[in-house]
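I would like the entire structure built from these sequences, with the hints used as guidance.
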Amino acid sequence: MNLFVLVIKEIVYRKISSLIILLTVLTASAVSVTIFTLSKASENETRKIMREQGLNLYIFPKNTNLIDFYSVNNTPSFPESCVDSLANSRTFDAVRHLTGILQLRYSDWTDPNGSLHQIVVAGYKDEAMQRFLSKQETMGFNVPAGTVRVGALLAKNIPEGDPFVIQGADGKPHRFHISERLTEGKGILDQGVAFNLADLQKVLGMEGQINKIEALGCVCHDGRINNARKQVQAIFPDLEVTEITSIADARENQRLMMNKYGAFLIPFIVLSALLISAFLFYSNVLHRKPEIGLMKALGKSHLFITGLFLLKAFLLGITGSLAGFFAGSWMAGYFGKKIFLFTAGDIGTTWSIFGFTLLAFPLLWMLSAWIPALLATQVDAAETLSQE
Amino acid sequence: MKANTLKNNDMLTINNVTKTYTKHGMTFKALDGITFRVEKGDFTVVVGPSGSGKSTLLHTIGGLIRPGSGQVLFKGTDIYKLNDDALNNYRKKNVGFVFQQFHLVPWLTVYENVRLVCQATSCIKAINDYFDKSGLLPLRNKYPSELSVGEKQRTAFIRAIISNPELLLADEPTGNLDPQNAAILMDMTRDFHKAGGTVLLVSHNPETSTYAGKRIILGSGKIL
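Going line by line, the protein sequences match chains A and B. The numbering used here puts the first residue of the first sequence at 1, with every later residue one more than the last. The numbering used here puts the first residue of the second sequence at 1001, with every later residue one more than the last.
Read the hints as simulated data drawn from the structure, not as lab findings. There may be inaccurate statements among the hints.
Heads up, simulated DSBU-like pairs for lysine-lysine below, C-alpha to C-alpha not over 30 Å straight-line [to be verified]:
#  : chain 1 : residue 1 : chain 2 : residue 2
1  : B       : K1075     : B       : K1214
2  : A       : K9        : B       : K1023
3  : A       : K230      : A       : K156
4  : A       : K300      : B       : K1075
5  : A       : K300      : B       : K1092
6  : A       : K15       : B       : K1081
7  : A       : K40       : B       : K1092
8  : A       : K15       : A       : K300
9  : A       : K300      : B       : K1093
10 : A       : K300      : B       : K1194
11 : B       : K1125     : B       : K1092
12 : B       : K1125     : A       : K9
13 : B       : K1093     : B       : K1040
14 : A       : K337      : A       : K40
15 : B       : K1040     : A       : K300
16 : B       : K1023     : B       : K1194
17 : B       : K1194     : A       : K289
18 : B       : K1214     : B       : K1023
19 : A       : K289      : B       : K1081
20 : B       : K1092     : A       : K289
21 : B       : K1142     : A       : K15
22 : B       : K1142     : A       : K156
23 : B       : K1040     : A       : K9
24 : A       : K230      : A       : K62
25 : B       : K1075     : B       : K1023
26 : B       : K1029     : A       : K9
27 : A       : K338      : A       : K40
28 : B       : K1214     : A       : K289
29 : B       : K1092     : A       : K9
30 : B       : K1023     : A       : K289
31 : B       : K1214     : B       : K1040
32 : A       : K9        : B       : K1093
33 : B       : K1093     : B       : K1023
34 : A       : K300      : B       : K1125
Quick look at the structure:
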């Protein structure tokens, strides 16, 4: 009879203790998967909120009058290459995501009905990720070339299916496909149009120029503004860093706190479950002393006897971790959708940790059975077999 | 008694074996200079009162208790000079154990308990024949908890001999049985012996001696 069949039969015979061990793995893996998935969801939610509701840092030319920034059409500009310089700088590690923007008040935009409006035009450079920081998903607001996204107020004046037309500095009309009509509540963009940076630069005749950088995902925690300011000014003395606090800050702090909480909770639960399992495996060895003694008398090797316990731990570990992965994913989805309103639809099974879960938990549970298994090989066969 | 000269027919040579236990600061000699020989095909009974060292002697011969001094030679090889794997192989290939407490695995059926020791196909095929002869065939799918003591001991006996060991070591095999079941078991032991097997049986029941060709009387760890 092979080891696998023997272990399965023993698990079935000792249902209760096997079930408790299975539950310890299931609980530990489910909690770990839930916390990890929620942590990821929290990160996405924070990113979304930061993008929608306000950004951590803005980088402007030093002489920019911020009071008038959104209402004038001649704020100081600087080369868009500054974005790439910051992204590729080893000494600038205060911010992960950098988006170069050219944003101006456009005074005389004529809508399809012939009415004149003052609108805000903003050109977005594709987001640059800091090279020397760990990679993350993009947070920015990229607009494909040749298209625009029009704000809710503006969209009311353009019939569905019509292109967006704007007079260029060259005196010619420029046409763009409207890829999205934004819903209201986007702040200044409600009365504006988002372009690809190069398109807007061409319309305004400001090739290669931007007038601010949105810096997202600050990793400076405490003293963020000072740190970022020093780093930017060390590279570009003519640029200024301004912090615009928002709800995103609170959410970011909450996220960091949750990560710390998870970093404590996962090992605590896993360790507790491991200790319970180790105790149950030890108890299993004590109950099975006569069986182990018999196996020795029948000439079964130490490896075979150790295998009886380690294979049991592995099988329970892999079954528990598989069930725990799906249970954890389900819990994360169920609770996450109530917690994270912006990204509720994106919360799903985190397949990236599937393999890790199926590998780590069986190994950990084999580890918890290791000492009991070694003790099993030390059982005195003669003593246990001669007991009356 | 000198036993250190190996004869052609010798299966087992026990040479000046001692075993001492210390418990609660007291030293107790379980085996004290035991020397004897068992030839192939012998049916030897070791008798003696409780605590005389019978079981210790049997387990020492079975490779389960390392003696303090002396030698246990199986066909001329000192089994306690073998490494762990070789000692396991010695037990697996040459020795069949029967215990007073049966020691059936509770989560295996009657058939599976016997099947546990089978490596060869011929061994597996022989299981049902043995069950048929011993009346266990209808019980082959029952678990030990569903058997009577006599049925349990018959199962344990078949497990001990199914792989055709040369040496059967039986430790008080009838100790828990009523006279009728004890007689059945001793008949099975005799059949194994008649088929050429070597039997070393430990018992405090003098009646078992009637089946044996040789008798060793043990008292206080010594051969009397």
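A quick look at each hint next to the structure:
1. For the given pair, K1075(B) sits about 19 Å from K1214(B) by alpha-carbon distance, which is consistent with the 30 Å threshold.
2. Between the alpha carbons of K9(A) and K1023(B) the distance comes to roughly 38 Å, so the proposed pair goes past 30 Å and is violated.
3. Restraint check for K230(A) and K156(A): not satisfied, since their Cα atoms lie roughly 44 Å apart, outside the 30 Å limit.
4. At roughly 22 Å between alpha-carbon atoms, K300(A) and K1075(B) fall within 30 Å of each other, so this suggested pair holds.
5. A hinted pair counts as satisfied when its Cα atoms are at most 30 Å apart, and K300(A) with K1092(B) qualifies at roughly 7 Å.
6. Pair hint K15(A) plus K1081(B) does not hold up; C-alpha atoms about 42 Å apart against a cutoff of 30 Å.
7. Proximity of K40(A) to K1092(B) is assessed by CA-CA distance (about 56 Å); at most 30 Å being required, the pair is judged violated.
8. With a C-alpha separation of about 25 Å, the suggested pair K15(A) and K300(A) falls inside the 30 Å cut-off, and the hint holds.
9. Proposed proximity of K300(A) and K1093(B) is supported: the alpha carbons are some 11 Å apart, at most 30 Å.
10. Distance check on the hinted pair: K300(A) and K1194(B) sit about 28 Å apart at the alpha-carbon level, within 30 Å; holds.
11. Simply put, K1125(B) and K1092(B) have alpha-carbon atoms about 18 Å apart, close enough for the 30 Å limit, and the pair holds.
12. Taken as a hint, the K1125(B) and K9(A) pair is honoured in the structure, with Cα atoms around 22 Å apart against an allowance of 30 Å.
13. Note on K1093(B) and K1040(B): the hinted pairing holds, with a Cα-Cα distance of about 15 Å set against a maximum of 30 Å.
14. A hinted pair counts as satisfied when its Cα atoms are at most 30 Å apart, and K337(A) with K40(A) qualifies at roughly 13 Å.
15. As the CA atoms of K1040(B) and K300(A) are separated by approximately 25 Å, the hinted pair is consistent with the 30 Å bound.
16. With a C-alpha separation of about 42 Å, the suggested pairing of K1023(B) with K1194(B) is violated against the 30 Å cut-off.
17. Proximity of K1194(B) to K289(A) is assessed by CA-CA distance (about 34 Å); at most 30 Å being required, the pair is judged violated.
18. The straight-line distance between the Cα atoms of K1214(B) and K1023(B) is roughly 33 Å, outside the 30 Å bound, and the hint therefore fails.
19. Our distance criterion of 30 Å between C-alpha atoms is met by K289(A) and K1081(B), whose separation comes to about 26 Å.
20. A threshold of 30 Å between alpha carbons decides the hint, and for K1092(B) with K289(A) the separation of about 19 Å falls inside it, so the pair holds.
21. Of the pairs offered as hints, the one joining K1142(B) and K15(A) holds, with about 19 Å between alpha carbons and a cut-off of 30 Å not exceeded.
22. For the proposed pair K1142(B) and K156(A), the alpha carbon gap of about 82 Å is over 30 Å, so the pair is violated.
23. At most 30 Å may separate the alpha-carbon atoms for a hinted pair to count; K1040(B) and K9(A) exceed this at roughly 39 Å.
24. For the given pair, K230(A) sits about 13 Å from K62(A) by alpha-carbon distance, which is consistent with the 30 Å threshold.
25. Taking the CA atoms of K1075(B) and K1023(B), the gap is about 34 Å. The hint is violated against a cut of 30 Å.
26. For the hint pairing K1029(B) with K9(A), the CA-to-CA distance comes to about 42 Å; that exceeds 30 Å, so the pair is violated.
27. Simply put, K338(A) and K40(A) have alpha-carbon atoms about 15 Å apart, close enough for the 30 Å limit, and the pair holds.
28. A distance of roughly 34 Å separates the Cα atoms of K1214(B) and K289(A); the hinted pair therefore is violated under the 30 Å criterion.
29. At most 30 Å may separate the alpha-carbon atoms for a hinted pair to count; K1092(B) and K9(A) meet this at roughly 23 Å.
30. Between K1023(B) and K289(A) the alpha-carbon distance is near 21 Å, which keeps this suggested pair within the 30 Å criterion.
31. For a cut-off of 30 Å, the pair hint linking K1214(B) to K1040(B) stands: about 12 Å separates their Cα positions.
32. A distance of roughly 26 Å separates the Cα atoms of K9(A) and K1093(B); the hinted pair therefore holds under the 30 Å criterion.
33. A threshold of 30 Å between alpha carbons decides the hint, and for K1093(B) with K1023(B) the separation of about 34 Å lies outside it, so the pair is violated.
34. Of the supplied pair hints, the one linking K300(A) and K1125(B) holds, its CA atoms being roughly 21 Å apart against a limit of 30 Å.
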